[in-house]
Amino acid sequence: MKRHGAVIFLVSVTLIAYQLALMRILSVVQFHHFAYMIISIALLGFGASGTFLYLIKNKFLNNFEASIFFSCVACSSAMILSVFVLHFIHFDPFLLIWDITKIWKLALFYLMIMLPFFFGALIICSFFIKYSEQINIIYFFNLTGSALGGVGVLGLLFYFEPYRLPEIIAGITFVASVISFSILKRKKLFLIPLVLNIIIIFLGWVLPFEIQTSEYKSLSKAMHLMDAKIVEEKFSPFGQLTTVASPILRYAPGLSLNYTGEIPVQNGLFSDGEWVGGIIQPDSVISTDFLQHTTSSLPYLLAERGTALVIGVGTGTEIWTALQNGNFNVDGVELNSQIKEIINVNFPKDKVEIIIGEGRGYLSQTKNSYDVIAIPILEGFSSSAAGIQSVFENYLLTVESLELMLSKMTDDGFLAISVWTNYPPRHSIKMFAALVESLEKSGIVNPSSHIAGIRSWSTATLVVKKTPFTAYDIENIRTFCEANTFDPIYYPTITDGEINKNNLLEEDLYYKSAIKILSPQRNKYFDEYNFNIEPPNDDRPYFSHFIKFKSLTYLREILGNESVAFMELGFFILLITLFQIMLISFILIIIPLIFLRKEKYPSSSKFATLIYFGSLGSGFLLIEIMLIQKFILFLAHPIYSVSVVITSLLLFSGIGSYYSKKFLNNINKKLQFILILIIIASAGYSILIPGMFNHLVHLPVIIKYLIAFLIIAPIAFLMGMPFPIGMSLLAQRFSNLIPWAWGINGYLSVVSAIAAPVLAMEFGFRVVIVAASILYLVALLISYKERFTF
Amino acid sequence: MIKLTLIFFFILPLLSQDKYTKLRNDMVKFQIEDRGVKDKKVLDAMRAVLRHELVPASHISQAYNDHPVPIGYGQTISQPYIVALMSELAAIKPGMKALEIGTGSGYQAAVLAEIIDSVYTIEIIKELGLSAADKLKKLGYTKVQVKIADGYYGWKEAAPFDVIIVTAAAEHIPPPLIEQLKEGGKMVIPVGHPFQVQNLMLVEKKEGKIKTKNILPVRFVPFKQGKE
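Chains as they are written, first to last, in my numbering: chain E, 202 to 991; chain G, 11 to 238.
Since the hints were made in silico from the structure, they are not lab data.
Honestly, I wouldn't trust all of these hints.
Said to hold, decoys possible - Pairwise CB distance ranges, derived in the manner of DEER restraints:
id	chain 1	residue 1	chain 2	residue 2	range
1	E	784	G	148	47 to 57 Å
2	E	684	G	168	43 to 53 Å
3	G	214	E	777	37 to 47 Å
4	G	32	E	787	42 to 52 Å
5	E	776	G	70	56 to 66 Å
6	E	702	G	170	18 to 28 Å
7	E	487	G	189	36 to 46 Å
8	E	731	G	155	37 to 47 Å
Here a beta-carbon is modelled for each residue, glycine too, at the ideal position from N, C-alpha and C.
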C-alpha cells in the first residue's frame with residue numbers, strides 16, 4: 202500500500218497543481234473569465250472518470266496494476282501534449298459571439314484540457330473501488346496530496362514563468378509513473394510507454410510550446426504600436442507584469458478637452474496582458490501640468506496641502522496628481538511588491554512612501570490621519586466597459602470599508618474616489634450611494650452637505666468630507682469645473698441651472714440620481730433604476746455587478762443581446778459556464794443509470810447515493826468558498842486566502858478521513874453526529890469569524906496564518922469524514938455504485954464552485970452558507986432514512 | 011468551351027456582385043435606416059462602398075452582418091450601423107475636409123470619400139495602413155490620403171478639419187486633434203469595447219469652446235435579415 206499511497210499522493214499533488222498552473226497560463230494568454238470557464242469544464246474530467254470507470258470497471262480492475270501505470274503515463278504525457286495541441290488552436294472566445302462555426306475550437310480546448318484530469322481522476326477512483334476497505338486512507342492521501350499541490354504551485358510561481366509549469370508538474374506525475382512501473386510484474390512490456398513518457402516531458406522542457414495569446418488583449422495590441430518593445434517582465438502568483446516602451450504610448454484618463462499642452466510619453470504597465478496604466482517619468486511631471494486637468498485633481502485642489510493616502514498605487518498616476526496639485530506628503534499602499542519595484546524609483550523619496558499591503562489591512566492598523574484619502578480609477582478603460590470585473594469581490598469599495606476610511610481622515614480631510622463614466626450611467630451612481638450610506642453609518646445626519654462630485658467626458662470623481670463643505674470649497678469646485686469644461690454631478694447648494702452644461706447628456710442621470718439618493722425615496726429609486734446601484738457591503742462585495750434580472754428584457758430591447766452581455770461580461774460568462782456544466786453533468790450522471798437498470802439495485806439506493814454524495818460534493822465546496830471569502834479580509838489578499846484555506850481544509854480533511862475508520866462501529870449515530878456538527882460549525886463560523894477577525898487583524902502575518910490554520914482545522918477534520926464513511930458503506934453492499942458516487946461528488950463540486958459566486962452576487966454570502974447547511978442537512982436526512990444501507 | 015469561359019469570367023462574378031449588392035441594400039435598409047439614420051448622403055455612401063472588398067478574405071461571408079468583423083492585429087472593422095451613425099453625427103457635406111484617426115480596414119475612409127473629396131486618414135499599424143491604402147486605391151478611392159504615423163499629432167499640414175473621426179475608443183483626446191478641429195467643426199469618437207454597440211461621443215468646437223455630447227445608440231428595431 203505504501204507505493205500505492207505514493208502514487209495517489211503524487212497524482213493528487215499534480216492534478217491540483219496543474220489546474221492552478223493552467224488557470225494562471227490561461228489568464229495571461231486569454232481573459233480571466235474564459236480561463237475560469239475552460240478550467241471549470243475541464244474539471245468535469247473528475248466526474249467523467251467515474252462514469253467511464255463505471256462502464257469499463259471489470260476490464261480496468263482485472264488489469265489493475267497495468268491500468269494504473271498506463272493512466273499515470275497518459276496523465277503525465279497529456280499534461281504536455283494538451284499544451285502542444287492548444288498552441289496550434291488559434292482561438293479567441295470573443296469571436297464566438299459572431300461566428301458560432303468556431304465552436305469546435307472551444308470544444309477541442311475543453312477536451313484537451315480535460316484529458317490530464319480525466320486520467321488522473323481515473324487513478325484515484327479506481328483505488329477507491331479496488332481497495333474499498335481502505336477508502337479512508339486513499340482519501341487521506343488524495344486530500345493531503347491536493348493540499349501540497351495547491352500550496353506548492355504558488356511557491357513555484359515565484360520562481361518559474363507560468364508556461365514552464367506544465368513540464369515541471371508532468372515531471373512529478375512521471376515519478377508516479379515510475380512508482381507504478383515498479384509495482385508491475387512483467388516490466389519489459391511496459392518499458393516503451395515509460396520511455397515515451399520521459400521523452401515527451403524532455404521535449405516539452407527543451408522545446409516549450411506556449412498557448413497563443415489573444416490578439417485582443419491590451420498587451421498584444423500595444424506590441425503592434427510603433428517601435429514597441431518589452432523593457433521589463435516580472436512574474437509571481439499575483440500575475441505577470443510587463444512594462445512596454447513605445448514612443449507613442451500616452452495615458453491621461455479623462456483629461457480636460459481645454460488642455461492644450463503636451464501629454465508626455467509613458468511606458469505602459471500590463472498585468473496578465475491587461476492595461477494597468479502609464480508610468481510617468483519625473484521629468485515629465487516637471488515639464489507639464491496635464492494631471493492638474495483631470496477630475497482626480499479635485500481633492501488635492503480642495504485640501505491644498507497636507508498628507509495623502511493613495512490606496513492601490515498602480516502605476517503611480519494618482520501620486521503624481523497629488524504632487525502636481527499641492528504640497529503633499531503621500532503614503533501609497535500597494536499589494537504587489539513587484540509593482541513597487543517597477544515604479545518606486547521615480548518618486549521623490551522625501552515626499553512619497555510606498556507601503557506593501559492591502560488597503561483595508563493598512564487602514565485597520567495605521568494610527569495616521571490623512572487630509573486626503575484617494576482611490577484611483579478602477580480597472581482599465583476597456584475592461585471597465587466590458588464589465589470584466591463584475592464577478593470579483595472588491596472589499597475596498599464596500600460601505601464598511603468606506604466607513605473605515607472616513608475614520609482615518611482629519612476633520613477637514615477629503616475622501617475621493619474616481620471612476621470611469623459609462624452609459625447608461627451606473628459606476629459613479631453606485632459609488633455615490635455607497636458614500637452616502639457610509640457617511641450615515643459614520644453618524645453624519647445630513648450627508649447632503651458632506652458630498653460633492655464632478656465629471657468630465659470620461660471620468661467622474663466623488664469627494665466626501667466629515668465636516669460640511671464650505672462656501673470656499675464649493676466656489677473652488679465651480680471654478681475648477683468651469684476652467685476644464687467639467688460638469689458638477691452634485692455639491693451642496695447646487696441648482697438645476699448649473700448641471701449638464703459642458704458634457705451634455707440627454708438626461709443628466711448623475712445629478713438626478715444624486716438628488717434621489719439623498720432623498721427619503723432612496724430605496725424606491727434603487728428598485729426603479731435599471732441597474733443594480735445598491736451600495737455593496739461585506740456580505741455582497743461586488744461593486745461592479747450591475748445587472749438586474751428584472752431589467753434584462755428592457756436592456757436587451759434597447760441595446761441588443763451582445764451589448765448587454767458586454768456590460769457585464771464576467772457575470773454572463775459565469776452563467777454560461779454554470780449552464781454548460783449542469784448540462785454536461787446531468788448527461789454524465791444519467792448515462793450510468795441506463796446501465797444500472799440491468800443490475801438489481803433498489804431505486805431508493807440509487808436515489809440515496811445520488812443525493813448523499815451530491816450533497817457532500819456541493820456542501821463541501823460551498824463551505825470552502827465561504828471560508829475563502831471570509832479569510833480574504835483577514836489575510837489581505839484572495840491568493841493568500843485561497844492558499845491557506847485550500848491547504849488547511851484539505852490537509853485536515855485528509856486527517857479526518859484517516860480517522861474516520863474508527864467511526865465505522867456503531868456508524869449510524871456517529872455519522873449523524875458528525876453531520877450535525879458540520880451544520881452547526883458552518884453556521885457558527887460564518888457568524889463568529891468576522892467579529893473575531895476585527896480583533897485579530899493587527900497581528901503579524903505569520904501569526905495570522907497560524908490562527909487561520911487553527912480556525913479551519915476543526916471543521917475541516919469533520920468535513921473529511923462523511924465521504925469516506927459513505928463510500929465504505931457503499932462498498933459493503935453496492936460496490937458497483939462507487940465510481941458513480943465518485944462521479945456525482947465531482948460533478949456537484951464543480952457545479953457548486955460556479956454556483957456559489959452567482960448566489961453570492963445575487964443574495965449575499967449568508968445565503969451561500971444557508972445553502973451549504975441545507976445540503977449537509979439533506980445528507981443527514983438521507984442517512985436517517987436509509988440507515989446507511991443505501 | 012466558349013460558353014463555359016463566358017460563364018466563368020462574366021456571369022459568375024455578376025451573380026456574386028448581385029449577391030453583395032442585395033446584401034448591401036439589406037444592410038442599409040434593416041441595420042441602418044430602420045434604426046433611425048436618415049442622412050441620404052450617408053445611406054447612399056453605405057450602399058456604394060464594397061465592404062466585402064475591405065474585410066479579410068477569411069471573413070468575407072460576414073462582411074455585411076450586423077456586427078464588427080476582425081481584421082487582424084487586434085483590430086476590427088466597425089459594425090455598419092456605427093459607421094453610418096458616426097458619419098451622420100459628423101454632419102459631412104460635400105466640400106468639407108475630414109481627418110480619420112485609425113484607418114483600420116479603410117472602410118470608414120471609403121464611406122467618407124463617397125461624400126467628400128478631401129479625406130485624410132492615419133493608421134499606426136504599418137501592415138494595416140499599407141493594406142488599406144492598397145485596397146482603397148484598387149477600389150478607386152484615389153483621393154484618400156493614407157499616412158502611417160502616430161495619430162496623436164493629427165495631420166498638421168492639412169489642418170484645420172471640418173470633421174475628425176476617431177475610430178478606436180480612447181481614454182484621452184490628444185490636444186493637437188482639438189487644435190486641428192475647425193471652428194464649428196465636429197469630432198466623433200466611440201467609447202467602450204469594440205465588440206459591443208458602442209456609445210459615441212460628439213465633440214463640438216463653438217466660439218473656441220469645446221463641448222461634448224454623449225450619444226447612446228439605441229436598437230429601435232432588432233435586425234432581421236431579408237424581412238421587410
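Each hint, compared with the structure:
1. E/784 to G/148: 47 to 57 Å: holds, 48 Å
2. E/684 to G/168: 43 to 53 Å: violated, 31 Å
3. G/214 to E/777: 37 to 47 Å: Roughly 41 Å apart at Cβ, these two residues keep to the hinted range, so it holds.
4. G/32 to E/787: 42 to 52 Å: Holds, at about 44 Å.
5. E/776 to G/70: 56 to 66 Å: Given range 56 to 66 Å: violated, Cβ gap about 33 Å.
6. E/702 to G/170: 18 to 28 Å: Roughly 25 Å apart at Cβ, these two residues keep to the hinted range, so it holds.
7. E/487 to G/189: 36 to 46 Å: violated, 23 Å
8. E/731 to G/155: 37 to 47 Å: 44 Å Cβ-Cβ, so the 37 to 47 Å window holds.
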